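J.: Residue numbers (our numbering), protein chains in the order written: chain C, 1 to 297; chain G, 1001 to 1253.
Bear in mind the hints are in silico, worked out from the structure with no lab data behind them.
None of the values given here were measured: they were computed from a predicted structure.
We put the beta carbon where it would ideally sit given N, CA and C, even for glycine.
Incorrect hints may appear among the rest.
To be verified - The calculated label-pair distances, taken between Cβ atoms and stated as ranges, are: (1) G:N1232 x C:L216: 48 to 58 Å; (2) C:T246 x G:S1229: 40 to 50 Å; (3) G:P1250 x C:P218: 51 to 61 Å; (4) G:E1247 x C:V241: 46 to 56 Å; (5) G:N1232 x C:P240: 49 to 59 Å; (6) G:V1073 x C:T246: 43 to 53 Å; (7) G:D1134 x C:V225: 35 to 45 Å; (8) G:D1188 x C:D114: 29 to 39 Å.
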Amino acid sequence: MKNLTKKSFIFIFTIVLITVTIFSDAVYAGRRGGGGGSRVSGSRSGSVNRSSGSRSGSRGGGASPRVNSRTSVQNRGNFSNSSQSRQVNRSQNQGDRQANRSQNQTNRSQNQGDRQANRTQNQGNRQDNRSNNQSNRQDNRNQIQNDRQDNRGDRQNNRNENINNRQNNRQDFVNDNWYGGGWYGRGYYAPTGWGAWTAAVGFTTGVILGATVNSLPPYYDTVYVGSTSYIYSDGVYLEPVNDSYTVISPPVGVVVSYLPDGCTVFQENNVQYYDCGGIYYQTFYQNGSTVYQVVEF
Amino acid sequence: MIRFRIFFALIITITTTFILTEKIQAQNDDNSQSLITSEELLNQVCDFLKSKESFGVEMDITYDNLLNSGSKVQYSGYQSVVVKKPSFLQSNYIGDQGNRNFYYDGKTFTLFSPDFNVFSTQNAPSTLDELVNDIEEQYGFTVPMSNLFINNPCSVLLKATEKPLFIGSNLVNRKETDHLLIVTDDWDGQLWVSQDDPPLILKAIITYKNLPNSPQYTVLFSNWNFEPSITNETFKFTPNKDTTQIEMLPPSE
């Protein structure tokens, strides 16, 4: 009985030793595969849990300047924090701007009231003035009648001359002002990239200064002159007014990241400018990229 | 018969004990040579880079942009860099959102956009270490990964709030590397370090975790060259007659 117990012990001990020897490799490998903060050379057979990804597609013509980013890390790529703080400032300024906008809204209501009071006062004044004007007008009318007769003769001559001039000017206008989706003196032709939005908001013959829309173009940047914000899209500028947007002429000093099609580059006094149908932009670097600032020329 | 069994068991026991002892000894020897902490690994990488006066490296870059619509898209770029410490750097960058070349000679730096044939030259501090911070603060851009090319590349990496974390032995371009995570308040950095000697950075990712949608900046390093060809023109920009100099605006908010 005693011998039998000893034998069993020896057999069990032997089996345990063999098992430990065989599995010691596996324990060793497992330790280096998943552990944090340690590195072991030797066999590199630890399991790697990765999601498979495919790199498909090829690089086309580059990123479209029309597609604008809310957050861009294009010119970053360093282990540092300063860009980060700028981003935080941006959010802060965004908040301040919102507050200013609300304040402006309040001021606007106040002004509305003042204007109403003035209007009543003016109504009275106007009545008095009207009587005076009535008599003055009668005197003037007689005088004008005489002058008109004289002018008619002159005008006939001028008209013939003007017709010829206008004919020439119109041709120059077409040559000088580009129609490729931008400014043409008194307004804009809608950029082709705006697509169906143009017709949807009623811009059938062009984008006229002062026109108001309730929705924004398909792509746009919010740009600033000081603390005033504007909407920029492909050469066209809109100003937020209450809940809508009014088409405005390009604000001097505004900086945009791309120009509409059809601009021509030129230099004066070693400074590079772009002429976009009579609107002039100066080229600068900002945040490591080329930008364009509307300038008076 | 019983004696034979006991004898057999003893033989196996003794043999097994010898094998196991040898294996444990081998493991201990192995561990004493190569078991290092993630901090030590990071220091090894930095110290190696620090010890090289000049080098060249190429980078394949991808980065996220968040569109106004809220969608996240990825752009790509390729940059080759030549560094000569402490005061020379040149990089050529070709990317989806534009191409640009950067020259620094210890006195001035020049940013050149070959697409538009414009450049801007500005006075610069006398060392790379100062330059890297200077241009980011004053002009709002960086030469990608230039933090790693300064005299002490670890200075910024070790500012992390916690020790670097060893993620595992993970693949970069089908090659096993040591994968480290560096956590800071503003960004998380990941580095993949080659397991060969010398330890080289083969991949880096910066996650800007406080920006909307946490965009990432990814760089794959290749062709590390510690005997780059450097000529007199390498770090100096020479404009041609059609090249226009433009000014730099202060960085936008």
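J.: Does each hint fit the structure? Answer for all of them.
T.: Outcome of the hint check:
1. In this structure the hint that N1232 of chain G and L216 of chain C lie 48 to 58 Å apart at CB holds, the actual value being about 53 Å.
2. Taken as a hint, the range 40 to 50 Å is violated for the pair T246 of chain C and S1229 of chain G, whose Cβ atoms sit roughly 59 Å apart.
3. Checked against the hint of 51 to 61 Å, the C-beta distance between P1250 of chain G and P218 of chain C comes to roughly 31 Å, which is inconsistent with it.
4. A C-beta distance of roughly 33 Å is found between E1247 of chain G and V241 of chain C, which places it outside the suggested range of 46 to 56 Å.
5. Checking the proposed 49 to 59 Å range against N1232 of chain G and P240 of chain C shows it holds: the Cβ atoms sit about 54 Å from each other.
6. For the pair V1073 of chain G and T246 of chain C, the supplied restraint of 43 to 53 Å is violated, since their beta-carbon distance comes to about 31 Å.
7. For the pair D1134 of chain G and V225 of chain C, the supplied restraint of 35 to 45 Å is violated, since their beta-carbon distance comes to about 28 Å.
8. Separated by about 55 Å at the C-beta atoms, D1188 of chain G and D114 of chain C break the suggested range of 29 to 39 Å.
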